[in-house]
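Q: Dock chain to chain to rebuild the complex, using the hints, since each chain is given by itself in its own frame.
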Amino acid sequence: MNAFFALVGRDIRIALRQLSDTFMVIVFFVIAAALFPFGVGAEPNLLARMAPGILWVTALLSAMLSFDRLFQNDFEDGTLDLLVIAPQPLWLAALAKIAAHWLTTGVPLLVATPLIGIMLNLEPEGYGVLMVAMALGTAIISLIGALGAALTLGSRRSGVLLSLLVLPLVIPVLIFGAGAVEASIGGFPAAQQLLVMGGLLLACLVLCPWGCAIALKTAAE
Amino acid sequence: MDGFTGTGLACIRSERIVFAGLDFSVAPGEALVLTGPNGSGKSSLLRLMAGIARPAAGHIAWQGVPVAEDPERYFADMHYVGHRDAVKAALSVRENLAFHCALRTAAPDIDGALETTGLSALADLPARMLSAGQTRRLALARMLAAPARLWLLDEPTVALDTRSVARLQTAIADHRAGGGIVVASTNVPLGIDDAATINVSVHARDDETLWGDAVADESAAGDSA
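Going line by line, the protein sequences match chains A and B. Okay, so the first sequence: first residue is 411 according to our numbering, each after it adds one. Okay, so the second sequence: first residue is 208 according to our numbering, each after it adds one.
Isolated chain B, as found in the complex (with noise of 0.2 Å):
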């Protein structure tokens, strides 16, 4: 097994199963889509597979290894780009993006990242005076810097402008044909070509958690008591 699979993963939250029974394989190359509404685990499961959180059951495997077993070379493997950008409003773009270099392995290529982005002319501002689009493409130029094999992506176009989502396409297209893999969770269609796609929400256990109609059944069910 040469790619990125998962088993039999389940995901619990504040007691309530969020998804259960859900299986993955993406091999290299490939590109799979996490695809659901609002609250179905999209988030939840890029943790689980970026290896933040741990699955109530089943497991995730690297290159056929699990990544219980061996995490510190699978981290060195992965990048992940999460809601927050992680991004310091004090450090200036150039230093937010060595800063994260530094972490990695990898030899680093902080002027591509930042050309590739577009965030050049940007490099010495103060991150805080980035709007949410630049603030969200220094976040993505993380993974342009430091290359690694697997890129876990939650709704990386949100806040982008047309052109910087058609430079992230080019860059996912780019990090596909070198055998790279892409996990990526969206909203909205992302322009991958021949990408895998799963509904996280097919998983769900128990569909009334999404909209938090338990909740108000529970607290009806007080009131009339």
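Isolated chain A, as found in the complex (with noise of 0.2 Å):
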């Protein structure tokens, strides 16, 4: 467990002193949610009923930026290769890699989001299980992204594969994310869509690291 809160402390701590990867992603999703009112047009019912799609969207292509350098970095110093050897068992070295790319990139998403929410005119209604489902959401991108980013180290364009292969499977994630924004404003319980999304995030949790761990190792060799 030492090890794990070090790995965690160790990336955000490098995070914290190259903030300039952290703001990127932020700059991007606060860009390209403001780029929808010049092509939709500025009409404030319009952006209101399209908000939830569009806050998820954006979300989701944002983080996308950040998985290219998850692994990467490591993989190139060598940093990996001690991983793998170290005593602790490699799943647990991902998860840890996992934890802080969600702290250092899921969380800042989730501070711009209620930020972007009031641009787009998102009814008031709507915040309290934007923020529920965003948590639950960025958490689950972090953990499919990570397990993409795995799999496409080394390779040549990795981030273009990457986006092929983690987008697909983040598709439930839209749905039910959004759907659970859009029902709380039309004044239905949301619990439905964020009970499917926990159980998504349970069992992201159970595979992704396992399969990052046989990605991984695979990539050193």
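In case anyone wonders, no lab produced these hints; they're calculated from the structure. Keep in mind that the hints are not guaranteed to be accurate.
[As the list claims (entries may be wrong)] In silico contact screen, one side only, chain A against chain B (beta carbon under 8 Å); selected entries:
#, residue
1, Asn412
2, Arg420
3, Arg427
4, Gln428
5, Pro454
6, Ala458
7, Asp487
8, Thr489
9, Asp491
10, Leu492
11, Gln498
Every residue gets a Cβ at the ideal spot worked out from N, C-alpha and C, and that includes glycine.
A: Dropping the structure here:
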């Protein structure tokens, strides 16, 4: 467990010293969402109707920007070799990297979400559910994205390959995430959608670190 | 069997046999030096020994137990310092070392390791300020900070100045005096007393693969056809 927290702490420390990486993701999120009013017209009712979908799609695309560097640096400088032969199981190291990724990318996206909600004229009833769904969703995206990053590690043009692998897999997050927000705006309970997302998170929590470990071990060989 | 042994090891890289039928045996307190021209498979052999890659044939045993049977016990007893230094530029020298020590089970001695490698004065500098030789010393400090019985070193003297090489030789001698085992690959004399030597290229199946002549031959054949 000591090693788990050491790895999470190290990645957060590196992210804090290289803040531009995190900022880039957030700025992309804001700019991409800000393009929609220009494209579809700044009609408040239309934007309010589209806001949940825009928020989820842009958050997803911004998160994609952060995955190529998730394992790449460790792979290039030889740290990955040492994680493979550390006395701890490799899935624990993968889980630590994923936790650090969520804390340094998912949480900043979460913080920016209500601001973009205001910009897009999201109905006030939607915010509570939006934040809960976003917290669950960004964690799922971190887990699935890490699996994609581990699988494409060391391949040419891994960024494009990563998107092709990961984006189809996170469609359920998009459907239930946007669905939950729309339900709560419409006055219906959103518990169903949130429970499905919780289930998805648990399944990913079990499968993704394990898959990552196998992929990372293959990449190190 | 108390030492570190390998029998009938073979390594295949990109469908070529790098070496095959390689045996080694190192007893506690002994050292093994791997030699051979560039591309002969010294680093590949060390990666097999470290358990990063799996041998295509043969097996490796630590203290009589095959490594594949209980890898975590073996990993806790072993340090591997490869070509790449695994140093994070954004972290300070001490933070780098502390992180690697946290991955180990043995109680760390970070200050002692910095002292021995002559990095104490640089401990709070970010690692991006270090020279190539200093970065190498930081990588070597890992194995001094957290004790382990087996050291696997891939060309440890690259980029080191003469003083650091002397320090490394002392560290290796101390390690062996305490019953430790050292396996090192090198192209220059390391100055390790009475070490056994394996020339990896002797075990190569096809000498042409060392220099890429086989590739040249194939393309020449393609041209004429």
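Q: With reference to the structure, classify each hint as holding or not holding.
A: Quick rundown of the hints versus the structure:
At its closest, the beta carbon of Asn412 (chain A) sits 6 Å from a beta carbon of chain B; the interface hint therefore holds under the 8 Å criterion. A cut of 8 Å between beta carbons decides the hint on Arg420 (chain A): the least distance to chain B is about 5 Å, and the hint holds. Taken as an interface hint, Arg427 (chain A) checks out: its beta carbon lies about 4 Å from the nearest beta carbon of chain B, inside 8 Å. Restraint check, Gln428 (chain A) versus chain B: the minimum CB separation of about 6 Å is within 8 Å; hint holds.
Because the closest C-beta pair between Pro454 (chain A) and chain B is about 44 Å apart, greater than 8 Å, the hint is violated. A hinted interface residue such as Ala458 (chain A) counts as satisfied when its beta carbon comes closer than 8 Å to some beta carbon of chain B; here the least separation is about 42 Å, so the hint is violated. For Asp487 (chain A), the shortest C-beta to C-beta distance to chain B is roughly 6 Å, which falls under 8 Å, so the interface hint holds. About 4 Å separates the beta-carbon of Thr489 (chain A) from the nearest beta-carbon of chain B, less than 8 Å, and the hint is met.
A least Cβ separation of about 5 Å between Asp491 (chain A) and chain B falls short of the 8 Å threshold, and the interface hint therefore holds. The criterion of a C-beta within 8 Å of any C-beta in chain B is met by Leu492 (chain A), whose closest approach is roughly 5 Å, and the hint holds. Satisfaction of the interface hint for Gln498 (chain A) is found here, the shortest Cβ-Cβ separation to chain B being roughly 7 Å, below the 8 Å cut-off.
Of the numbered hints given earlier, the model fails hints 5 and 6; all others are met.
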